[in-house]
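Listed below are the residues making up each chain.
2 protein chains.
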Amino acid sequence: MIKHFDQGEILNADSYYRRNLINCLSGYKSLNLIGTINLNGATNLAPFSQVFHIGASPPVVGILFRPHTVKRDTLENILETGFFTMNHVTSEFYKEAHWAAANWKGSEFEGTGLHEEYFPGFKAPFVKGSPLKLACSLVETQTLKVNQTVLVIGKIDHIFVDEKGLRADGSLDLNALDTVSVSGLDEYHTGEKLARLTYPKSTHLPDII
Amino acid sequence: MIKHFDQGEILNADSYYRRNLINCLSGYKSLNLIGTINLNGATNLAPFSQVFHIGASPPVVGILFRPHTVKRDTLENILETGFFTMNHVTSEFYKEAHWAAANWKGSEFEGTGLHEEYFPGFKAPFVKGSPLKLACSLVETQTLKVNQTVLVIGKIDHIFVDEKGLRADGSLDLNALDTVSVSGLDEYHTGEKLARLTYPKSTHLPDII
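In the order they appear, the protein sequences are chains A and B. If you read the first sequence in the numbering used here, its first letter stands for residue 945, the second for the next number, and so on. If you read the second sequence in the numbering used here, its first letter stands for residue 945, the second for the next number, and so on.
Some hints could be false.
If several chains are the same, the list does not tell them apart, and a pair holds so long as it fits within one copy or across any two.
Pairs of lysine-lysine, DSS-like flavour, derived with a Cα cap of 30 Å [claimed, not checked]:
#, residue 1, residue 2
1, K1049, K947
2, K1067, K1039
3, K1039, K1108
4, K1067, K1137
5, K1089, K1099
6, K1137, K1039
7, K1137, K1089
8, K1089, K1072
9, K947, K1145
10, K1039, K1099
11, K1089, K1108
12, K1039, K1089
13, K1145, K1067
14, K1039, K1145
Hint data in this document are derived by calculation from the structure and do not stem from the laboratory.
The shape of chain A in the complex, shown without the other chains (with noise of 0.2 Å):
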């Protein structure tokens, strides 16, 4: 059976509901811990869904931050200094990502216990023994009219992979990097291969590689 929700019943749902399957539509989501320092100082880490590919050549990410109307830590870290780590979560830690989303007192590193690491020369701390780490720096921010959320975009400047889920064609295996996704605001999943499959044409069904 189908159920149906009309505007009306979308806007009308309990907010708890709502933001449930509001949060669920777009499907499985990736999951990145994003770790930040201030001037000070002080780190941050925190886990973030709406981090996407914006271009391949330079390459580029995007990340979608809620209104900045409430203290954003992870948004004031990059932009007082430009600079943050992207992490690829894995089914070892992902209650401490999790956990990171809490409201700590001091740094998200020292609360979960997942520990921090530094590559000389870059600033924003790593989160150690995650495999698929991103060094990026602030290319430039947009606010989205719509709901005020804020689109920060950053150009990619190291990546460290774990050479165990790095093919010979540069695509990653996140089956065996054991990277995480999630759905909605609370549900954490790995990845099961059906396929890759061939460059698609009109004139036959695509063939698994």
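Fit chain B to the given chain A structure using the hints.
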């Protein structure tokens, strides 16, 4: 072993290798087939992995389009009519979804054998058999200065979801819906749930719900 790429190595990599690598960096991506129709009644269907949640109240989604320098039927139809649908892809028809990205002379629906479905009063076509279908209308577009990608923002007017995947709290069981995710340019995955976790509080590690 960890493989390190600095920015020079990223930029100097073979373009096929670089595209594969950069497209994999964000992690698992959501996959949606976007259905549109032009003013002459010609339908179009295309797979997108750049769809994300922007806000729950009002319910708003964003889609990122590559630079609008060549013909882009989906984007042009959305700008022309103001309407589009988003449809989750399952393991039953992920090959056809990939195939929809081929260069078709006529409609992708005819070419791939995926069936159109309509909702009274809403012009754009849905994908019959998709377990999660959204009817959306255009709110605004923004062009990103960094590389002229176009961000389309749409509001969600209708949700159609197979009840087997709708939980009492409004969240969706994407495993039950058989929703598929994508990594890189051509690799498809189902999800395998690790757990849902309780709201994060600094006092204790989140529990499994």
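Checked hints:
no.: 1; hint: K1049 x K947; result: neither (43 Å within a copy, 35 Å between copies)
no.: 2; hint: K1067 x K1039; result: within (26 Å within a copy, 44 Å between copies)
no.: 3; hint: K1039 x K1108; result: both (23 Å within a copy, 27 Å between copies)
no.: 4; hint: K1067 x K1137; result: neither (36 Å within a copy, 35 Å between copies)
no.: 5; hint: K1089 x K1099; result: both (24 Å within a copy, 13 Å between copies)
no.: 6; hint: K1137 x K1039; result: both (23 Å within a copy, 13 Å between copies)
no.: 7; hint: K1137 x K1089; result: neither (38 Å within a copy, 35 Å between copies)
no.: 8; hint: K1089 x K1072; result: neither (37 Å within a copy, 34 Å between copies)
no.: 9; hint: K947 x K1145; result: neither (35 Å within a copy, 34 Å between copies)
no.: 10; hint: K1039 x K1099; result: within (28 Å within a copy, 32 Å between copies)
no.: 11; hint: K1089 x K1108; result: neither (43 Å within a copy, 36 Å between copies)
no.: 12; hint: K1039 x K1089; result: neither (34 Å within a copy, 37 Å between copies)
no.: 13; hint: K1145 x K1067; result: between (46 Å within a copy, 28 Å between copies)
no.: 14; hint: K1039 x K1145; result: between (42 Å within a copy, 12 Å between copies)
The structure shown violates the earlier hints numbered 1, 4, 7, 8, 9, 11, 12.
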